[in-house]
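K.L.:
Protein chains in written order, with numbering that gives the first Met the number 0: chain A, 0 to 309; chain B, 0 to 309.
I should point out that these hints are in silico values taken from the structure, not numbers from a laboratory. For glycine and all other residues, C-beta sits at the position ideal for the given N, C-alpha and C. Take these hints with a grain of salt, some might be off.
Said to hold, decoys possible - Residues from chain A that face chain B, not an exhaustive set, calculated with beta carbons under 10 Å: (1) 3; (2) 97; (3) 165; (4) 166; (5) 173; (6) 219; (7) 223; (8) 226; (9) 238; (10) 239; (11) 252; (12) 254; (13) 265; (14) 277.
Claimed, not checked - Every beta carbon over 10 Å from chain A, so not counted as near; a handful from chain B, in silico: (15) 47; (16) 102; (17) 112; (18) 145; (19) 169; (20) 192; (21) 236; (22) 238; (23) 261.
2 protein chains.
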Amino acid sequence: MKCRRCREQAVIDVRRHNAAFCGPCFLHHCREQVRRAIDDFEMIRPGERVLVAVSGGKDSLGLWDLLRELGYDADGLYVGLGIGDYSDTSGRHAREFAHERGMKLIEVDLPTDHGFDIPDGSRAAHRAPCSACGLSKRHVFNETALAHGYDVLATGHNLDDEAAVLFGNVLHWETGYLGRQHPVLPATPGFARKVKPLIRLGERELAAYCVLRGIDYVVEECPMATGNRHLGYKEALNAIEERSPGTKASFLFGFLERGHHRFAGDAVDEREALRACSRCGAPTPGDARGGDALCAFCRLRARATGSGHR
Amino acid sequence: MKCRRCREQAVIDVRRHNAAFCGPCFLHHCREQVRRAIDDFEMIRPGERVLVAVSGGKDSLGLWDLLRELGYDADGLYVGLGIGDYSDTSGRHAREFAHERGMKLIEVDLPTDHGFDIPDGSRAAHRAPCSACGLSKRHVFNETALAHGYDVLATGHNLDDEAAVLFGNVLHWETGYLGRQHPVLPATPGFARKVKPLIRLGERELAAYCVLRGIDYVVEECPMATGNRHLGYKEALNAIEERSPGTKASFLFGFLERGHHRFAGDAVDEREALRACSRCGAPTPGDARGGDALCAFCRLRARATGSGHR
Chain A
0 MKCRRCREQA VIDVRRHNAA FCGPCFLHHC REQVRRAIDD FEMIRPGERV LVAVSGGKDS
60 LGLWDLLREL GYDADGLYVG LGIGDYSDTS GRHAREFAHE RGMKLIEVDL PTDHGFDIPD
120 GSRAAHRAPC SACGLSKRHV FNETALAHGY DVLATGHNLD DEAAVLFGNV LHWETGYLGR
180 QHPVLPATPG FARKVKPLIR LGERELAAYC VLRGIDYVVE ECPMATGNRH LGYKEALNAI
240 EERSPGTKAS FLFGFLERGH HRFAGDAVDE REALRACSRC GAPTPGDARG GDALCAFCRL
300 RARATGSGHR
Chain B
0 MKCRRCREQA VIDVRRHNAA FCGPCFLHHC REQVRRAIDD FEMIRPGERV LVAVSGGKDS
60 LGLWDLLREL GYDADGLYVG LGIGDYSDTS GRHAREFAHE RGMKLIEVDL PTDHGFDIPD
120 GSRAAHRAPC SACGLSKRHV FNETALAHGY DVLATGHNLD DEAAVLFGNV LHWETGYLGR
180 QHPVLPATPG FARKVKPLIR LGERELAAYC VLRGIDYVVE ECPMATGNRH LGYKEALNAI
240 EERSPGTKAS FLFGFLERGH HRFAGDAVDE REALRACSRC GAPTPGDARG GDALCAFCRL
300 RARATGSGHR
């Protein structure tokens, strides 16, 4: 197996591209895929300040490294979720990565700063852990990016993640989510611009990138995610990708080319119906039962900390 | 396990509906699902003559039986595909079913009437067997329905079939196919109305229906379909349905409610670009390379019978 680019001995193949690469050319390939994603979707303009949401895993640390390699001014944000050993380990990886490279890492800790952790919060609010965690991270990411004046918030969602999310959204024809599923969500009042520069790279490529770059990341999956629906969607798509390499990429990019615009209006309708959370000021569709509009994060926090509905 | 309807001992459960039924109530359930599909989508009007495309399998024989039980004036159409023992067996089941019930079965035999069979045709035209077979059946179904003056052509596509086709169409964002994927395709010049009255019933329900009704159907799958993509899509959806019963139905019906209309224009665009096949007169997008427009079936037949491109 020869490297497609330099014809030396290859160390990794990428079936989707029907290509193999040696170490240095594989790193070049990864940078090119990120560069191309950023350019194609106009994710980041020159000179902008980027905040990278890092979990300590391969995707987010790989993304932070790739953005710095490509010359972007990128700091990190780690959110402590209070999920026992998993959070301890992942936080340590994020801190060590930043420290070794002299890079700035902002930290927000849910238990310390907001008085609850994901296990307790999800129980108290009767929400699935992944749902409570996702809404908390989105809230803290956005709030922190705005508070520190970053131009853009970057997350490490890769091709496999995005294809699985898309699959879940079409399985249930969640038209609002489909309208919002895009690698760039422009800034709107109360929301920072959000970008996903890894959408052209798969999980396996990110793992190989980190190994080749000597990035020490947390390997375990979150223990609370075991058996969730999203993993079922990933498995289903993996089985199809195994038979027909490239299907995931054509599913995601075909949607962006020929599907997304048909749903964009549904997301705009939802956005226009937002009002400000009466506690934190974040935009929210509010409580369907009327009354003061508390955003989902403030409702979760109120239930988790026993501070009533306010 | 008690029957949901009469509280007697149940013989079959339908997880999607979180229900179980005794034999007679299960047959009632199947008829109600077909009646509801026909009503909801205005598939067949009172007094119309229906042509049912029958393969000798559980779905199409079950459909024919169900339509007669519901009081429709329905004849059958069997198309011989020349696929060795499989075609011999399936044709025998279709004939015996019709004969035992004194029902009219029209037969068209590809080798006898058109000079080729599916194995030779697909080889000669360099098409996958399922592709050559599908286009041949669609052509003969439509031509026969029009020639005999039927108001509507009914096919035995069930919920599992339609969900798998939808999955393939969204995986590749085939926008024209998505625009045409509907349980009713109205009659247009050169096309009979096409309906799919089984979309509310799954494969397992059809098999149970035939067993309970004493319908003797061909059990083997077509030997040429082994390993095709469509079966891979079915397996992927089955794994998800197993974890979350009802997902397939919500995928298909959610599309019909909230997705389909967004793609309908693409199908209309394609339909308006049709012209008449210069040989058989059927509507066709024609040959992209220009020249006389031969429909896909006439092109396949010409290649398979060695009669040149004409």
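K.L.:
Please check whether the beta-carbon of residue 112 of chain B is more than 10 Å away from every beta-carbon in chain A.
P.N.:
Answer for residue 112 of chain B: holds, closest chain A Cβ roughly 36 Å.
K.L.:
Next item in the hint list is residue 277 of chain A. Is there a CB on chain B closer than 10 Å to its CB?
P.N.:
This hint is violated: residue 277 of chain A lies away from chain B, its Cβ roughly 32 Å from the closest one there, beyond 10 Å.
K.L.:
Under the criterion of a CB-CB separation shorter than 10 Å, is residue 173 of chain A in contact with chain B as hinted?
P.N.:
holds, 9 Å
K.L.:
Under 10 Å is the threshold here; is the Cβ of residue 219 of chain A close enough to any Cβ of chain B for the hint to stand?
P.N.:
With a closest approach of 23 Å, the residue 219 of chain A hint is violated.
K.L.:
Compute the least Cβ-Cβ separation between residue 102 of chain B and chain A, then decide whether it is above 10 Å.
P.N.:
Consistent with the label, residue 102 of chain B stays out of reach of chain A, its closest Cβ about 39 Å off (over 10 Å).
K.L.:
The hint names residue 265 of chain A as touching chain B; please verify it with the least Cβ-Cβ distance against 10 Å.
P.N.:
This interface hint holds because 9 Å falls under the 10 Å limit.
K.L.:
Taking the closest Cβ pair, is residue 239 of chain A under 10 Å from chain B?
P.N.:
Hint on residue 239 of chain A: holds, closest Cβ of chain B at ~6 Å, below 10 Å.
K.L.:
How about residue 166 of chain A: closest beta carbon in chain B under 10 Å, or not?
P.N.:
holds, 9 Å
K.L.:
For residue 47 of chain B, is the shortest beta carbon distance to chain A beyond 10 Å?
P.N.:
holds, 31 Å
K.L.:
Can we keep the residue 165 of chain A interface hint, with Cβ of chain B closer than 10 Å?
P.N.:
holds, 9 Å
K.L.:
Residue 238 of chain B: least C-beta distance to chain A exceeds 10 Å?
P.N.:
violated, 6 Å
K.L.:
Under the criterion of a CB-CB separation shorter than 10 Å, is residue 226 of chain A in contact with chain B as hinted?
P.N.:
Result: holds, 9 Å to nearest chain B Cβ.
Violation of the numbered hints given earlier is confined to hints 1, 2, 6, 7, 14, 19, 21, 22 and 23; the remaining hints are satisfied by the structure.
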